[in-house]
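Chains as they are written, first to last, in the working numbering: chain A, 1 to 235; chain B, 1 to 416.
What the hints contain is simulated information worked out from the structure, not anything from laboratory work. Treat the hints with care, as some may be off.
Only pairs whose alpha carbons sit at most 30 Å apart, straight line, appear in this in silico BS3-like list of lysine-lysine [to be verified]:
#1 Lys-318/B - Lys-76/A
#2 Lys-305/B - Lys-77/A
#3 Lys-352/B - Lys-122/A
#4 Lys-119/A - Lys-318/B
#5 Lys-76/A - Lys-178/A
#6 Lys-178/A - Lys-305/B
#7 Lys-235/B - Lys-76/A
#8 Lys-301/B - Lys-17/A
#9 Lys-164/A - Lys-318/B
#10 Lys-10/B - Lys-77/A
#11 Lys-318/B - Lys-122/A
#12 Lys-122/A - Lys-189/A
#13 Lys-305/B - Lys-164/A
#14 Lys-119/A - Lys-6/B
#15 Lys-58/A - Lys-318/B
#16 Lys-305/B - Lys-76/A
#17 Lys-10/A - Lys-16/B
#18 Lys-58/A - Lys-305/B
#19 Lys-235/B - Lys-77/A
#20 Lys-77/A - Lys-301/B
#21 Lys-77/A - Lys-6/B
#22 Lys-58/A - Lys-301/B
#23 Lys-76/A - Lys-301/B
#24 Lys-164/A - Lys-58/A
#25 Lys-119/A - Lys-10/B
#26 Lys-17/A - Lys-10/B
#27 Lys-235/B - Lys-6/B
Here are some of the chain B residues that sit facing chain A, going by a computed Cβ distance under 10 Å [what the hints assert, rightly or not]:
#28 Gly-308
#29 Ser-317
#30 Thr-372
In this text, a Cβ means the ideal position worked out from N, Cα and C, and glycines have one as well.
Below, each chain spelled out in residue letters.
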Amino acid sequence: MALLEMQGVKKIYEQGKIEVPALRGIDLTVEQGEFTTVFGPSGSGKTTLLNMIGCLDKPTAGRIVFDGQELGELDKKGLAMLRRHHVGFIFQSYNLIPVLTAYENVEFALRLLNRYDQKEVKARVLRILAAVGLAGLEDRRPNELSGGQKQRVAIARALVKEPKLVLADEPSANLDSKTSEEVLQVMLKMNQELGTTFIFSTHDPLVMKYAHRLIEIRDGLIAKDQRREQDAVLN
Amino acid sequence: MLFLTKLVFKNLFRSKSRTIVSVIAIAFAVMVVVFAKGLIDGMIESITADHIYYNSGHIKVVDGEYQKRERLLTLAYPVDGLAGQGLEEMISSLRNVEGVEMVIPRLKFGAMVSTEEELVAMSGWGINPDQELAFTDIEDLLVEGRMVTPGRQEVVMGSKLLAKLDRRVGDEVTILFNTAFDSLRGVTFRIVGRLETGLKILNELAFYLPLDQAQQLLYMDDQVTELLLVTSDKKLVPQVLSRVQALLAESDDRYQAFGYRETSDLIPLMDLSAAIFNSIYIFLVLLSCIVVINTMLMIVKDRTKEIGMMSAIGLESKNIMRLFILEGAVMGVAGSLCGAALGHLLNIYLSKVGFDYGEALSGMSSEVIFDTMLYPVSSLRNTIFAFVLGTVVVTIACLIPARRAARLEPTEAMRE
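Next up, chain A with everything else stripped away, as it sits in the complex (with noise of 0.2 Å):
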């Protein structure tokens, strides 16, 4: 079963009177341990659909199936719990609590799932926490951190949970090639070893190295959906 199916989805903004589609009708299905890089230019439509993979928004036409449910069917709290248990979300300004620690903005998300005991938590966070590579960082606040260390906390808020998703927006911008490069292998290798899936977007060159699939995007629909072998991916 494929993790997400989009079927004719269309996105209408209401701008006063004016109608503004983002979406035309977009066709898609995601498996399950896909690292997808959607890109297209500016006001394509990237994040609208992201928005819609996320189950941040609802379409206004068509369907979109995520894990066999059927988004359409949930109201404003059922999508929340959705996000909450299986997608994890990095934002291009991280978006970090600047009054928690590195260890709290991790622990944030985990503490949502109300799955786990203090000592279970502990070490979930600490685990991801040097997996990013910010062991020893765990009590600094993010006005302590360099940018890279930040996004390293975001991509650790949003697989903490070991979530079945995860969406990145424009996670580079921010970073200089180095640290780019250091963010792009801790994902792949969450993606390798946890079977996570990763949906980018983006206008980086580096990043698009790296997809296995990459999906332009023109006008609101989807212009190009191209595969690549995983062996020829760094190449």
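Dock chain B against the given chain A, drawing on the hints supplied.
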């Protein structure tokens, strides 16, 4: 939930100046509520106590006609016993009524003293000194000399009255008055005591003399103008009053009995003021809430992206709302606690020192029983009331920014 609470406390220190301004605004409003409530309660207590002491007792028994002409201090309608049985028997019957602890006779009459410059109008109060000392706070007001002694032609006067008459304790004063037979009479008394009080009626108008002397000089043996009944607790007045009224109705319908509230214009007015002020307190705290709401709205705006992120990772709207309500509630509790404590301390201090409204109330009639020295009441009940009011109103007010935060769509919030 514990994690969210931890986040709330950390957020409070995020913008310390905003939090401090909000807490100060709440604290100030709550402090004013505690102070104002203490002041109003102090006024009501003072007015009620003075009215009971110096006008009506808990229950006042007078001739029905006297009640209509009380301001004239007429001697034509005395209290002289039930159905011709004599005053002592009447006092004894009233003392036997269940709930009555003391029966205090008073004989009030109009009098005057001629000085070189003017004719000073006064009001003579014939009293039993032992009973007055036991029932009223007159002993505290007696700043010089002593109380009158039965059998002696002596008087006690207020400081201002003495000043008007240009007399001192130890001097003699000749007082003119009309007897019960409407004959004018002048008698010289020795001044044995001086009262110092904010009550204008005692300070400027009335003078005390022994009841036996008043009865003898006015030709009113075994007669008084009023009987004041004292109960163990003023809450018992309605029950005791109905028993007294029943006794009077079956014995002598000349007499009427009134509870202390019926004979005062000020007490019901003050009770009404207290009720009105209770609404004003809520508005006062609501006013401080504007600061809190404004602060919280700014916080919501500042954290819009963060709210979007929290919503995106699965925090439900109700928990986002809870986050902001809790933040406001903590500010409400902190501000209310500080304000209530400060207000309480202020009232403790002012309840000892008091306010002198003498200048402001100088034009008020001497007959109005209103002490120009006001002492706010420091009461734990008022302090708790203000604390709870502050906390509840601020928390409810935080619903506005909290709802705004909870309604933010994650996609829109993160676009900010």
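Results for each hint:
Annotation: proposed proximity of Lys-318/B to Lys-76/A holds, straight-line Cα distance about 11 Å (limit 30 Å). With a CA separation close to 20 Å, the supplied pair Lys-305/B and Lys-77/A stays within the 30 Å bound. With a CA separation close to 58 Å, the supplied pair Lys-352/B and Lys-122/A exceeds the 30 Å bound. This hinted pair checks out: Lys-119/A and Lys-318/B have alpha carbons roughly 27 Å apart, not beyond 30 Å.
A threshold of 30 Å between alpha carbons decides the hint, and for Lys-76/A with Lys-178/A the separation of about 39 Å lies outside it, so the pair is violated. Taking the CA atoms of Lys-178/A and Lys-305/B, the gap is near 28 Å; set against the 30 Å cutoff, the hint holds. For a cut-off of 30 Å, the pair hint linking Lys-235/B to Lys-76/A is broken: about 58 Å separates their Cα positions. With a C-alpha separation of about 27 Å, the suggested pair Lys-301/B and Lys-17/A falls inside the 30 Å cut-off, and the hint holds.
Between Lys-164/A and Lys-318/B the alpha-carbon distance is near 25 Å, which keeps this suggested pair within the 30 Å criterion. Pair hint Lys-10/B plus Lys-77/A holds up; C-alpha atoms about 27 Å apart against a cutoff of 30 Å. Proximity of Lys-318/B to Lys-122/A is assessed by CA-CA distance (about 26 Å); at most 30 Å being required, the pair is judged to hold. Simply put, Lys-122/A and Lys-189/A have alpha-carbon atoms about 22 Å apart, close enough for the 30 Å limit, and the pair holds.
A distance of roughly 24 Å separates the Cα atoms of Lys-305/B and Lys-164/A; the hinted pair therefore holds under the 30 Å criterion. Of the supplied pair hints, the one linking Lys-119/A and Lys-6/B holds, its CA atoms being roughly 18 Å apart against a limit of 30 Å. The straight-line distance between the Cα atoms of Lys-58/A and Lys-318/B is roughly 20 Å, inside the 30 Å bound, and the hint therefore holds. Between Lys-305/B and Lys-76/A the CA atoms are separated by roughly 19 Å; this keeps the pair inside 30 Å, and the hint holds.
Distance hint between Lys-10/A and Lys-16/B is unfulfilled; the C-alpha atoms sit about 46 Å from each other, more than 30 Å. Restraint check for Lys-58/A and Lys-305/B: the C-alpha separation of about 20 Å stays at or below 30 Å, so the hint holds. With a CA separation close to 56 Å, the supplied pair Lys-235/B and Lys-77/A exceeds the 30 Å bound. Simply put, Lys-77/A and Lys-301/B have alpha-carbon atoms about 23 Å apart, close enough for the 30 Å limit, and the pair holds.
With a C-alpha separation of about 24 Å, the suggested pair Lys-77/A and Lys-6/B falls inside the 30 Å cut-off, and the hint holds. Of the pairs offered as hints, the one joining Lys-58/A and Lys-301/B holds, with about 25 Å between alpha carbons and a cut-off of 30 Å not exceeded. At roughly 22 Å between alpha-carbon atoms, Lys-76/A and Lys-301/B fall within 30 Å of each other, so this suggested pair holds. A hinted pair counts as satisfied when its Cα atoms are at most 30 Å apart, and Lys-164/A with Lys-58/A qualifies at roughly 20 Å.
A hinted pair counts as satisfied when its Cα atoms are at most 30 Å apart, and Lys-119/A with Lys-10/B qualifies at roughly 23 Å. For the hint linking Lys-17/A to Lys-10/B, the alpha-carbon distance of about 43 Å lies beyond 30 Å, and the restraint is violated. Between Lys-235/B and Lys-6/B the CA atoms are separated by roughly 49 Å; this puts the pair beyond 30 Å, and the hint is violated. Interface restraint check: Gly-308/B against chain A, minimum CB-CB distance 8 Å, threshold 10 Å, status holds.
The restraint placing Ser-317/B at the interface with chain A holds, with a minimum CB-CB distance near 7 Å, inside the 10 Å limit. Taking 10 Å as the C-beta cut-off, the interface hint given for Thr-372/B is violated, the closest approach to chain A being about 55 Å.
In summary, the numbered hints that this structure violates are 3, 5, 7, 17, 19, 26, 27, 30.
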